[in-house]
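2 protein chains.
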Amino acid sequence: MRLPRFHLPTLREGDGELTGDEAHHAASVLRLRIGARIELFDGRGGRAAATISHVRRGHVAVTIEGVAPSGPQPTPHVILAVAPPKGPRQQVLVEKCTELGAAAFQPLRTERSVVKGGDALQQHWQRWALEACRQCGRDHLPEVRAGAECAAVFDERRAGGFMLLADPSPDAAPPSAWVKDAFGAVEVLVLVGPEGGWTHEEREAAIRAGAAPASLSRQVLRVETAAIAATALLTGGFA
Amino acid sequence: MRLPRFHLPTLREGDGELTGDEAHHAASVLRLRIGARIELFDGRGGRAAATISHVRRGHVAVTIEGVAPSGPQPTPHVILAVAPPKGPRQQVLVEKCTELGAAAFQPLRTERSVVKGGDALQQHWQRWALEACRQCGRDHLPEVRAGAECAAVFDERRAGGFMLLADPSPDAAPPSAWVKDAFGAVEVLVLVGPEGGWTHEEREAAIRAGAAPASLSRQVLRVETAAIAATALLTGGFA
Chain A
0 MRLPRFHLPT LREGDGELTG DEAHHAASVL RLRIGARIEL FDGRGGRAAA TISHVRRGHV
60 AVTIEGVAPS GPQPTPHVIL AVAPPKGPRQ QVLVEKCTEL GAAAFQPLRT ERSVVKGGDA
120 LQQHWQRWAL EACRQCGRDH LPEVRAGAEC AAVFDERRAG GFMLLADPSP DAAPPSAWVK
180 DAFGAVEVLV LVGPEGGWTH EEREAAIRAG AAPASLSRQV LRVETAAIAA TALLTGGFA
Chain B
0 MRLPRFHLPT LREGDGELTG DEAHHAASVL RLRIGARIEL FDGRGGRAAA TISHVRRGHV
60 AVTIEGVAPS GPQPTPHVIL AVAPPKGPRQ QVLVEKCTEL GAAAFQPLRT ERSVVKGGDA
120 LQQHWQRWAL EACRQCGRDH LPEVRAGAEC AAVFDERRAG GFMLLADPSP DAAPPSAWVK
180 DAFGAVEVLV LVGPEGGWTH EEREAAIRAG AAPASLSRQV LRVETAAIAA TALLTGGFA
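From first to last, the protein sequence lines are chains A and B. So for the first sequence, numbering that gives the first Met the number 0 puts the first residue at 0; every next one is plus one. So for the second sequence, numbering that gives the first Met the number 0 puts the first residue at 0; every next one is plus one.
No lab work stands behind these hints: they were computed from the structure. In this text, a Cβ means the ideal position worked out from N, Cα and C, and glycines have one as well. Treat the hints loosely; a few may be bogus.
Unchecked claim - Just so you have them, the derived chain B footprint on chain A, three or more residues with Cβ under 8 Å:
{"hint": "1", "stretch": "39 to 48"}
{"hint": "2", "stretch": "96 to 108"}
{"hint": "3", "stretch": "125 to 139"}
{"hint": "4", "stretch": "166 to 177"}
{"hint": "5", "stretch": "224 to 233"}
As the list claims (entries may be wrong) - Quick partial rundown of chain A residues pointing at chain B, CB under 8 Å, derived from the structure:
{"hint": "6", "residue": "Val-91"}
{"hint": "7", "residue": "Gln-218"}
{"hint": "8", "residue": "Phe-237"}
Sequences and hints are given; from them, build the entire structure.
So, in structure tokens, the structure goes:
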């Protein structure tokens, strides 16, 4: 039986405290009581065992018993730069890509974007990522970046990084052609445009900045499906 | 601009008619009128251009102008034998796996299944698959099979087929180890157990029947995420 998991940014042997959403989830949703065994993760790869020592409204005190050293996030780090889809499709995107190991989300503003992606979106995405980490046993919490213009993101590629432009056109290379190259990179920035597609200018600018047009499927995928498929393919090379 | 698409099982040059859900979608949801250009697909790989010639409640008459020959479904045919997750997660599973090219869905009954999967489930899944085909431009409608006991499905593997058991245990082979072999198969049957996992007996029975334990991710995936990741990986080898 897997223990319920909670996020606590600083893990040290001894006394600790869950607050906010984590305390609410422990005390009110799962109704855990004194003596309950739980697991804690710090969001940077660290994990600890703990026991609940006190519960009151909004605060849950814990005794932290064993802190396992944090490991580095596995490579390639998949950074999903995505024009957000509408409504509940955002949650599917963030939840599934977190389960599959995406390292970061970068909401994009593009010419044809319908969803603009301000602070509220960033907060929602961070919460969904955290919930997925709790659930799937992942100790690295993906970073959710502030929304940015796509042109600025195209130019951000790091040295040694790989940049893929999700591209439904029939002449884009299939996964079998690009996935092996990507496995060797430290970081893969995946650019996924809005439902209405990239404009011609955006596509050209991305390619000029070094993005490789990449097909993800024979079909035309929705935004969230493209992000999920790219993450599954790029994190599927683990040994 | 992509044309709106509708399913019509028999495509012949000349007059045709949309009925049921398809007529409703054309007339009441998209509010298409006489003269509107549409695309039709027969669900077996065939496609045609058409023009709406008449609209009345529940019936939309069309003139079919050009029927493109149907092609075979690409291989490997991915058959997803899945213990259905709860509620809206079923829709995410069927929609995403249809977009990514799954050939068939086989709802499974297992020891720890919560959702039993009767006729209503089969109908819902078929409708979601059809809606996804309309949307993503896919001309092959995935088959949705009637729910079956997992033991019966384990023994169903066809000659030349490949059977994978989605397995979160750390000693299961990663995608990089099994995906190439699977690309060469005509059919890949992917077995995905319920949230509570396979029982020891089910796991052993699947392996005895020839299933290879396969890891899909470093994390423990939800049922629908496992099905989506498997489909993305197995259909990602297209040339």
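Structure-based check of each hint:
1. Note: the stretch 39 to 48 of chain A has 0 residues with beta-carbon separation from chain B under 8 Å; the three-residue rule is not met and the coverage is violated.
2. Counting residues of the stretch 96 to 108 of chain A whose beta carbon lies closer than 8 Å to any beta carbon of chain B gives 3, which reaches the threshold of three, so the coverage claim holds.
3. Given a C-beta distance limit of less than 8 Å, the hint that chain B covers the stretch 125 to 139 of chain A holds, as 4 residues qualify and 3 suffice.
4. Coverage of a stretch by a chain is defined here by at least three residues with a beta carbon nearer than 8 Å to that chain's beta carbons; for the stretch 166 to 177 of chain A and chain B the count is 3, and the condition holds.
5. Beta-carbon proximity to chain B at under 8 Å applies to 5 residues in the stretch 224 to 233 of chain A; the threshold of 3 is reached and the given coverage holds.
6. About 6 Å separates the beta-carbon of Val-91/A from the nearest beta-carbon of chain B, less than 8 Å, and the hint is met.
7. Taken as an interface hint, Gln-218/A checks out: its beta carbon lies about 4 Å from the nearest beta carbon of chain B, inside 8 Å.
8. Against a cut-off of 8 Å between C-beta atoms, the interface hint on Phe-237/A holds, since the closest Cβ of chain B lies about 5 Å away.
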